[in-house]
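2 protein chains.
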Amino acid sequence: MMRSLRELGEDRLLAQILPQLKRNSRVVAGAGDDCAVVKFRGAKEWLLLKSDCVVEGIHFVAGSSARAIGWKAMMRGLSDFAAMSGVPQFALITLVIAGKKQVMWVRDLYRGLNQAARYFGVAVVGGETSDTDGPTAVVVSIAGFVEPDRCILRSGGKANDDIFVTGKLGGSIRRRHLNFVARIEEARWLTANFKVHAMMDLSDGLGVDLPRLAKASRLSFSVDQGALPVSRGCTVQQAISDGEDYELLFAISRRDRVRLERMWRRKFLKLELTRIGYLHQRSKIKHQTFLPGYVHFRRRR
Amino acid sequence: MMRSLRELGEDRLLAQILPQLKRNSRVVAGAGDDCAVVKFRGAKEWLLLKSDCVVEGIHFVAGSSARAIGWKAMMRGLSDFAAMSGVPQFALITLVIAGKKQVMWVRDLYRGLNQAARYFGVAVVGGETSDTDGPTAVVVSIAGFVEPDRCILRSGGKANDDIFVTGKLGGSIRRRHLNFVARIEEARWLTANFKVHAMMDLSDGLGVDLPRLAKASRLSFSVDQGALPVSRGCTVQQAISDGEDYELLFAISRRDRVRLERMWRRKFLKLELTRIGYLHQRSKIKHQTFLPGYVHFRRRR
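In order, the protein sequence lines correspond to chains A and B.
In my numbering, each number is its position in the first sequence, counted from 1, plus 1.
In my numbering, each number is its position in the second sequence, counted from 1, plus 1.
Next comes chain A alone, as it looks inside the complex (with noise of 0.2 Å):
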């Protein structure tokens, strides 16, 4: 019982917090999946909430640029919403920060921040900002919708389906972790012209999020590890287990296979679709582990 949180994990942290929280009929998803899923009165649509922080020394380092640091903050949230193939439209920052900070440094954080959110017409519609003796940390927090037919949960997999994955995997630390884009276009175009089942965005590396989408599903998956697209000059290791890719992993039926390919290729040139794999029943073969991808409170950055 005296354990700390460094030896129990994120995950089973959460997996002893969660049963407490308080659900009723408004809530389609709570805690558990990329952003919560809510019912708002009178409205057709769903209600998105996600909530995501940056902390200094644990996701950028002091020397970083505001101005990336802010863009990162904000994108890390939207990309939950690409990942329930959500519309985000208005954005909340806190922002606890030592008051002996430049005020310039401040600027460009907020500029970073604001253009990420430009980029998908979300408005920053106010924030909140709080003194502290220690390092700086960004709480974004984003509203949007996403019509109930189109939202994707981690939980909808089914036996047999092919696994995707959007662009190639790991070494994102080197540079692409502070200036990515929020799969956002890629996942509305898919569930406004595919029948996903699960999906979700890759954060903490395909070896921990691919397991989580699988749980969520009830399956189990197979995945060929020669078939991944890796980035270059990393190894499939890495892709494995760097994390930080943000990139679109999901489900669809294979009768979708030839079709999807086909028409990703005719309307996004320049980004890859790899098929990975697929689920299948967890009794079938025995579970395909991974090496650990990023875990918070285990490793750090």
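None of these hints come from the bench; they were simulated from the model.
One thing to keep in mind: the hints can contain errors.
A pair counts as met if it fits within one copy or between any two copies, since identical chains are not told apart.
[Said to hold, decoys possible] Derived lysine to aspartate or glutamate pairs resembling DMTMM-like cross-links, with alpha carbons at most 25 Å apart:
1) K40 with D150
2) K196 with E46
3) K45 with D150
4) K101 with E8
5) K45 with E186
6) K102 with E8
7) K45 with E148
8) K40 with E186
9) K102 with D134
10) K271 with E186
11) K271 with D225
None of these values were measured; they are calculated from a predicted model.
With chain A fixed as given, assemble chain B onto it according to the hints.
This is chain B only, laid out in the frame that chain A set:
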């Protein structure tokens, strides 16, 4: 240009950043009021959004009860809903905390967060945790609704309006700041029965908050300091500048005064309602100033 945040102060920082923020026709009231007020597709009611944080060393000391910190973290955001006469429905919790912290402490924190949420029927629908090397920060984001004709901004005050406060002011730091109840029931009753012109919650102290309400309404104010409802054992100056009262401050037509005071006494037996002054045109009397209340990046608690 090389000024620090502490030299600039929170109000002026926000004044510099807010004009940059992207707005659009879906935004009724953005940064600068207690909650953001936005329109949600197809809904009659407006969507209210608020994000707020408590930070170790600033809003609480390391030895405080985790349950009480959680209660306060949630109630602060709920108090902003009271300020708009809003109904809170959903909350997200972002926890920035060192991995070496005890799991028991975190469970107690969530217990407090949940108790405060449940008090007003709010569903905790998600959250995020991050490691840090520094002090603990708890960020609570709340979404809810308000009927357009019951949404009270800070800016609606009219010349000659009476200014009222609920409860007593000052000395909150001794105990009340960790176990207060947001004035949501009182605010909803007010807007169900009266045309309130402007309202906010007292978080930084009357001496800071009343000038904000007056300024938003483009008016000045006169306060009878002898009439202030001062907490037992406090001076008038403490009632003005201590902060963290979490009481309602509102402006209402003087024609409603007698009916309001009579109905209030019958409805809220144990809670004082005090007329402390009135709003007036800026030119009429020299702008009344208070000694400062609590301003972030200036004074520390």
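Quick rundown of the hints versus the structure:
Taking CA atoms no more than 25 Å apart as the test, K40 paired with D150 passes in both settings, with 14 Å inside one copy and 22 Å between copies. Within a single copy, K196 and E46 get their C-alpha atoms as close as 18 Å, which meets the 25 Å cut-off; across copies the closest is 32 Å, which misses it. With identical chains, the CA atoms of K45 and D150 are at most 25 Å apart both within one copy (11 Å) and between copies (22 Å). Proximity of K101 to E8 under the C-alpha cut-off of 25 Å is restricted to the inter-copy arrangement: shortest distance 8 Å between copies versus 34 Å within a copy.
In the homo-oligomer, the alpha carbons of K45 and E186 lie at most 25 Å apart inside one protomer (22 Å), although the nearest pairing across protomers, at 29 Å, exceeds that limit. In the homo-oligomer, the alpha carbons of K102 and E8 lie at most 25 Å apart only across protomers (10 Å), although the nearest pairing inside one protomer, at 33 Å, exceeds that limit. Taking the shortest alpha-carbon separations for K45 and E148, both the intra-copy value of 8 Å and the inter-copy value of 18 Å come in at or below 25 Å. For the homomeric pair K40 and E186, the shortest alpha-carbon distances inside one copy (24 Å) and between copies (23 Å) are both at most 25 Å.
When the C-alpha separation of K102 and D134 is checked against a cutoff of 25 Å, the pair qualifies both within a copy, at 11 Å, and between copies, at 18 Å. For the homomeric pair K271 and E186, the shortest alpha-carbon distance inside one copy (14 Å) is at most 25 Å, but the shortest distance between copies (55 Å) is not. In the homo-oligomer, the alpha carbons of K271 and D225 lie at most 25 Å apart inside one protomer (23 Å), although the nearest pairing across protomers, at 69 Å, exceeds that limit.
Checked against the numbered hints given earlier, the structure satisfies every one of them.
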